[in-house]
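Letter by letter, the chains look like this.
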Amino acid sequence: MSTGVDTIQANYDAIDRPLESEMTLSMGPQHPSTHGVLRLELKLDGEMVVRAIPDIGYLHTGMEKLFEYKKYQQGIVITDRMDYLNPLGNNLAYVMAAEKLLGLEIPERAQVIRVLMCELQRIASHMVWFGTSCLDMGAMTPFWFTFKEREKILNIIESASGGRMTPSYFRIGGLMMDLPAGFENRVKQFLENFPDALETFDTLITGNPIWHNRTKGVGVISREDAIDWGLTGPCLRGNGVELDLRRHNPYSGYETYDFEIPTEPDGDVWSRFLVRMRELRESHKIVRQALERLKPGPTKADAPKVVLPDRDDMRKHMDSLIHHFLIVAEGFNVPEGEVYHAIEASKGELGVYMKSNGGPKPERVHFRGPSFVNLSALPTMAEGEMIADTVAIIGSLDIVLGEIDR
Amino acid sequence: MATSLQDFVEKIKAENAGWVLDVKDALGEVTITVPREAISDICVFLKEDQAFDMLADLCGSDRGPEDDPRFEVNYHLFSTHHYSRLRLKVLLSEDDATVPTVTNIWKTANWHERETYDLVGVIFDGHPDLRRILLPSDFDGHALRKDYPLRGYEPYSLN
Numbered sequence: 010m011s012t013g014v015d016t017i018q019a020n021y022d023a024i025d026r027p028l029e030s031e032m033t034l035s036m037g038p039q040h041p042s043t044h045g046v047l048r049l050e051l052k053l054d055g056e057m058v059v060r061a062i063p064d065i066g067y068l069h070t071g072m073e074k075l076f077e078y079k080k081y082q083q084g085i086v087i088t089d090r091m092d093y094l095n096p097l098g099n100n101l102a103y104v105m106a107a108e109k110l111l112g113l114e115i116p117e118r119a120q121v122i123r124v125l126m127c128e129l130q131r132i133a134s135h136m137v138w139f140g141t142s143c144l145d146m147g148a149m150t151p152f153w154f155t156f157k158e159r160e161k162i163l164n165i166i167e168s169a170s171g172g173r174m175t176p177s178y179f180r181i182g183g184l185m186m187d188l189p190a191g192f193e194n195r196v197k198q199f200l201e202n203f204p205d206a207l208e209t210f211d212t213l214i215t216g217n218p219i220w221h222n223r224t225k226g227v228g229v230i231s232r233e234d235a236i237d238w239g240l241t242g243p244c245l246r247g248n249g250v251e252l253d254l255r256r257h258n259p260y261s262g263y264e265t266y267d268f269e270i271p272t273e274p275d276g277d278v279w280s281r282f283l284v285r286m287r288e289l290r291e292s293h294k295i296v297r298q299a300l301e302r303l304k305p306g307p308t309k310a311d312a313p314k315v316v317l318p319d320r321d322d323m324r325k326h327m328d329s330l331i332h333h334f335l336i337v338a339e340g341f342n343v344p345e346g347e348v349y350h351a352i353e354a355s356k357g358e359l360g361v362y363m364k365s366n367g368g369p370k371p372e373r374v375h376f377r378g379p380s381f382v383n384l385s386a387l388p389t390m391a392e393g394e395m396i397a398d399t400v401a402i403i404g405s406l407d408i409v410l411g412e413i414d415r
Numbered sequence: 111m112a113t114s115l116q117d118f119v120e121k122i123k124a125e126n127a128g129w130v131l132d133v134k135d136a137l138g139e140v141t142i143t144v145p146r147e148a149i150s151d152i153c154v155f156l157k158e159d160q161a162f163d164m165l166a167d168l169c170g171s172d173r174g175p176e177d178d179p180r181f182e183v184n185y186h187l188f189s190t191h192h193y194s195r196l197r198l199k200v201l202l203s204e205d206d207a208t209v210p211t212v213t214n215i216w217k218t219a220n221w222h223e224r225e226t227y228d229l230v231g232v233i234f235d236g237h238p239d240l241r242r243i244l245l246p247s248d249f250d251g252h253a254l255r256k257d258y259p260l261r262g263y264e265p266y267s268l269n
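In the order they appear, the protein sequences are chains A and B. So for the first sequence, the numbering used here puts the first residue at 10; every next one is plus one. So for the second sequence, the numbering used here puts the first residue at 111; every next one is plus one.
For the record, the hints were derived by calculation from the structure and aren't laboratory data. Ideal Cβ placement from N, Cα and C applies to all residues, glycine included. Any given hint could be a false lead.
Said to hold, decoys possible - Covered stretches of chain B, going by a simulated chain A footprint (3 or more residues, C-beta under 8 Å): (1) 146 to 153; (2) 157 to 165; (3) 213 to 220.
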């Protein structure tokens, strides 16, 4: 974040000479279409963007520092607040990194529930992206429809975890608790109605000629550049690269689910839009499959020194009570080592680098947020475009500033 | 990767024996410790010859003021062709925490290196735009160092 006097002076200089064609415009951090608190320093020639310099850090809260002062299980709640549109994905990446260090085996039912919840969350995250990116370009109607669907998913997540935006549902070694009664019916009801909603979105936007004009050929990035800039997720698949960590570095049993990896060849806003729209259908498919696989069984790993015991057990067994006290008061020691675990979050590769020195607190936790990396490629896409298209490009990147600034 | 690890390391050593200081294979992940002078060369080799075309992540880490070498820089490489991962590690001492940049090899390294410089205080030699990225430009110290207090030296104000 540069609050340099030079920048401000340069801005004033540009305002002093309004009739010259070049000017510097500071877009954000309060601009509604910057999706949070992103500031863009735009050098303009008329209405064309000559240079775009993203300025981030307005939401920096030192989360990576905080992890070093919290026990492993306390870190889970911090991850909720990074990418707040995809908190379950963040939970998953964090707990899986810790589980890898501990060498824990997660029971089948917990794995299936993780997949189910993550895919629901992916749909919810894409709903926000779809609604807001349409809103950025002046289409207000889709926003109401998408947030209606998102609300249904948040209610489902709330019924299982108690939190809408901050579920912290996944714990090291399994889940917070088993699914509540009636959960499956709620998900079934959602699945039945969702294809109708998708059809509504297609009617509203996908076939809309104004939308085509605003998105086709805008914000193009080449395939080589996309890989060079480290783009992942729908942004990379919009360049025709078939890369999905659920398939290529599988985790939580994703390799056993039947789904396709949608790709589009053009690398523009339209391609990224289509990829996400098709992903919604794939996620719908995965949730349906996960629901069929839901068999009764344990939801926590058999590791009494790591996983909190059930309340009921604590009333009956002395050792459960002792374990509970030790986990809460002192935490658990994690063997020395380092891991980098990456999952396919709704926005791309979400990687967690975790290093342990053998104690109950991590020595270093680093989050590789997909938004952070995808945003760094924004100048490549925006330079040479119109200023109104910059808004469309930011929308197509689907960034969350909470994750970028951490 | 694990089965052919020996072959893989031999390949790198055949290219230049001085590139590999240490190889570790733990928890299903391979870590190669590299001398800092060689980091650019080995990255070019891995990108061009071994198809590690994506730099997934780059992060710094502080081992604490008592340790020497004090800082680590981790490069997490990924391949969009054979989908395997590799970690390169460079160790740096406190009085000379400088490492050559890899921005000329992967553009994505730009922001990662700026972040590492901002929070850990490692200097990336040859970086085109090594400014702070998350913290304000007049911030004092590097927040992710172990000797930096959790609540900072003094309350920070924008004035």
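Evaluation of the provided hints:
1. Residues of the segment 146 to 153 of chain B with a Cβ under 8 Å from some Cβ of chain A number 0, which does not satisfy the need for three, so the listed coverage is violated.
2. Under a criterion of three residues with beta carbons nearer than 8 Å to beta carbons of chain A, the stated coverage of the segment 157 to 165 of chain B is upheld, 3 such residues being counted.
3. Only when three residues or more bring their CB closer than 8 Å to a CB of chain A does the claim for the segment 213 to 220 of chain B stand; here the count is 4, and the claim holds.
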